[in-house]
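Visitor: Going down the list, the protein sequences come from chains A and B. Counting along the first sequence from 1, when you hit position 168 you're at 168 in full-length UniProt numbering, and nothing is skipped either side. Counting along the second sequence from 1, when you hit position 300 you're at 300 in full-length UniProt numbering, and nothing is skipped either side.
Hints were generated in silico from the structure; no laboratory data involved. Bear in mind the structure is a predicted one, so any value in this text is a computation, not a measurement. Heads up, a few of these hints could be off.
One copy or any two copies: either way a pair holds, since identical chains are not told apart in the list.
[Unchecked claim] Below, simulated DSS-like cross-link-like pairs (lysine-lysine); rule was C-alpha separation at most 25 Å, straight line:
1) Lys345 x Lys70
2) Lys345 x Lys240
3) Lys5 x Lys178
4) Lys250 x Lys240
5) Lys29 x Lys345
6) Lys345 x Lys178
7) Lys5 x Lys29
8) Lys345 x Lys181
9) Lys4 x Lys108
10) Lys281 x Lys291
11) Lys250 x Lys178
12) Lys240 x Lys181
Residue-level listing of the chains:
2 protein chains.
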Amino acid sequence: MSTKKNVAIIGSGNWGSAIARIVGDNVKKLPSYHDIVKIWVYEETLKDGRKLSEVINEEHENVKYLPGYKFPSNVVAVTDIVEASKDADILVFVMPHQFLERSLLPLKGKLKPGAFGVSLIKGFHIPPGGGIRLISCLINEILDITVHVLMGANLAPEVAEGKFCETTIGVRDINHMKSMKDLFQTDNFRVVVVDDADAVEVCGALKNIVGVGAGFVDGLGYGDNTKAAVIRLGLMEMIKFTEVFYPGAKLSTFFESCGVADLVTTCYGGRNRRVAEAVVKHGKSIATLEKEMLDGQRLQGPETAAEVNYMLKEKQMEARFPLFTAIHRICEQELPPSEMIDCIKVHPEHLYEPSFLQDLEEGKLEV
Amino acid sequence: MSTKKNVAIIGSGNWGSAIARIVGDNVKKLPSYHDIVKIWVYEETLKDGRKLSEVINEEHENVKYLPGYKFPSNVVAVTDIVEASKDADILVFVMPHQFLERSLLPLKGKLKPGAFGVSLIKGFHIPPGGGIRLISCLINEILDITVHVLMGANLAPEVAEGKFCETTIGVRDINHMKSMKDLFQTDNFRVVVVDDADAVEVCGALKNIVGVGAGFVDGLGYGDNTKAAVIRLGLMEMIKFTEVFYPGAKLSTFFESCGVADLVTTCYGGRNRRVAEAVVKHGKSIATLEKEMLDGQRLQGPETAAEVNYMLKEKQMEARFPLFTAIHRICEQELPPSEMIDCIKVHPEHLYEPSFLQDLEEGKLEV
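Okay, chain A solo, but in the shape it has when bound (with noise of 0.2 Å):
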């Protein structure tokens, strides 16, 4: 029996297509990895009557979600969702999460044993009742499997386009820290490896909150000094709820490509951004711009904003993170996008110097 490892790609949208590339061409150079890269296709029938997973094996493309860039032949596509993962060494989840849940439940006990994951997917799990689950920790739930974390500035195109970028992969198993580097990083995708998963995934929830506040300064016409100053508080606001909620973190892994690098590229393009600029410009709603700008999709921004109050107000902490309530104020209509500066005017960053804090608070300064 070979001890070759096999990988599989659980989702095949555009991020999933973009990263079967990249995996596929590594692990032909892997010696210790099967060729075969098997990516799991939710079956659909495009228009011309063919079905997507039979286009993706003969023409070696996804004509729907990334058009214009091959596969390498050996990822090949699987409808089966336990046909794809049954011989997986390693899983890499990437898909939707509206979808995880009812697509796992078939797995449940038919994983080999060993096996790992990685998540590529953004956003926290609602579990019934509220509150905010990590997607990694759902998968963990579900599967009993180790599930490390990719985020970063990694725009799907762009990186289907070949055009360098950086990511950042949180691992919850050191040991697999070497391989989740191999079968990711090339030439122009370079992987940071950090020992602080929850951090890196929070960082790819939280960005989304910013994102929509940088698009509020834009429509408010604020200038580069307001917007700096908001994606700043964001951060801050972002490394304050990951200290409050997933203690541990390090202040490092927030210079990573999951943290201010794509926080700045989703403050300066990005949707959330784009429709937030929109609804102060045209003072039209959420609901109605992701309707006439995205086809009716969701925008991630005012759902994650929403579920982050609801922790916040649980834990009596709003007022310490005055940038995220504004920001889900506006998104709920209980606040005019205008007021969003007076309500981080006088913010817990500009109240203490954290270094000189405690020196004060002990009578040891003269001030």
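The hints should help you fit chain B onto chain A, whose structure is shown.
Guide: Structure of chain B alone, referenced to chain A:
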């Protein structure tokens, strides 16, 4: 004899004038300060034949460098730098750094005992023979006073307009922390004071190098992912440079307005970015574009890149700073802009995972 403190602003360009508006308003509210704030004006004759200092004192407006914004009437222009400074307890230095040394020499030995300063001047001073000196240290050397620094994402016209922003003050004497905050903070100009002046000042100089790199990426049409990676790697090199040449800095300082916020503004707006983009698009040299786009003014990024490169070469550390090095070489036309990304593909940040490094070296990890 009054124990009230006097403040003088040394410099009256657009940033000096914008900050004089803030300081002028603030001292009126602070009982421990004299109302009058003297601002040193390098006298000029305007096109209509009037003297700049006279116009400022009659119309309370710097019609040449910050037209459209009035000074509070307690801001008084003084053309003799000794006269402007001699009673000052706090001196705010804000002038182009090429004039600094010459301008300050007459003040030598003439300041009030106990006076201290704060520098708003970005960039390094280059002593004869090469190398780098912090501007605040140069002022300290000439005048023998403590010099704090104030840096942040603070485009002067937006500050003058009263648009919300943040700034960072790095103090060299924590007993001045409160007076620094009181003097500069307003509802729309939010101050965070940190005990890490070197890092604050270094950020203000190095960000311009990264801004040039961001401009090259824009000119090359590389998209959001690549730009985010260049900004992040630039930030990493800023941190590393500070660690090497100014040891003792705190990582958290790079999350302040002087760090990530000012860097982002420089890489999306800012003239370093704009000229560097034009270098790629029009194939012209920086010197040519300085003439065409900046009326002959020198761009700070390429100069700082050259100064930094001198330091790195001396320590044989160019390879540890591949982005700074590539940007410098492109500015010097030793390398075409299209090769910048090749130079950072195998960046030291991608070669090891800091948190694992020690364990790896000690043979504790299986990887």
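Visitor: Now tell me, hint by hint, if it's right for this structure.
Guide: Okay, the hints, checked on the actual structure:
{"no.": "1", "hint": "Lys345 x Lys70", "in the structure": "between (50 Å within a copy, 24 Å between copies)"}
{"no.": "2", "hint": "Lys345 x Lys240", "in the structure": "within (18 Å within a copy, 32 Å between copies)"}
{"no.": "3", "hint": "Lys5 x Lys178", "in the structure": "within (14 Å within a copy, 61 Å between copies)"}
{"no.": "4", "hint": "Lys250 x Lys240", "in the structure": "both (11 Å within a copy, 18 Å between copies)"}
{"no.": "5", "hint": "Lys29 x Lys345", "in the structure": "between (54 Å within a copy, 19 Å between copies)"}
{"no.": "6", "hint": "Lys345 x Lys178", "in the structure": "between (45 Å within a copy, 19 Å between copies)"}
{"no.": "7", "hint": "Lys5 x Lys29", "in the structure": "within (13 Å within a copy, 71 Å between copies)"}
{"no.": "8", "hint": "Lys345 x Lys181", "in the structure": "between (42 Å within a copy, 15 Å between copies)"}
{"no.": "9", "hint": "Lys4 x Lys108", "in the structure": "within (23 Å within a copy, 75 Å between copies)"}
{"no.": "10", "hint": "Lys281 x Lys291", "in the structure": "within (16 Å within a copy, 38 Å between copies)"}
{"no.": "11", "hint": "Lys250 x Lys178", "in the structure": "within (20 Å within a copy, 30 Å between copies)"}
{"no.": "12", "hint": "Lys240 x Lys181", "in the structure": "between (29 Å within a copy, 23 Å between copies)"}
Every hint, counting from the list given before, is met by this structure.
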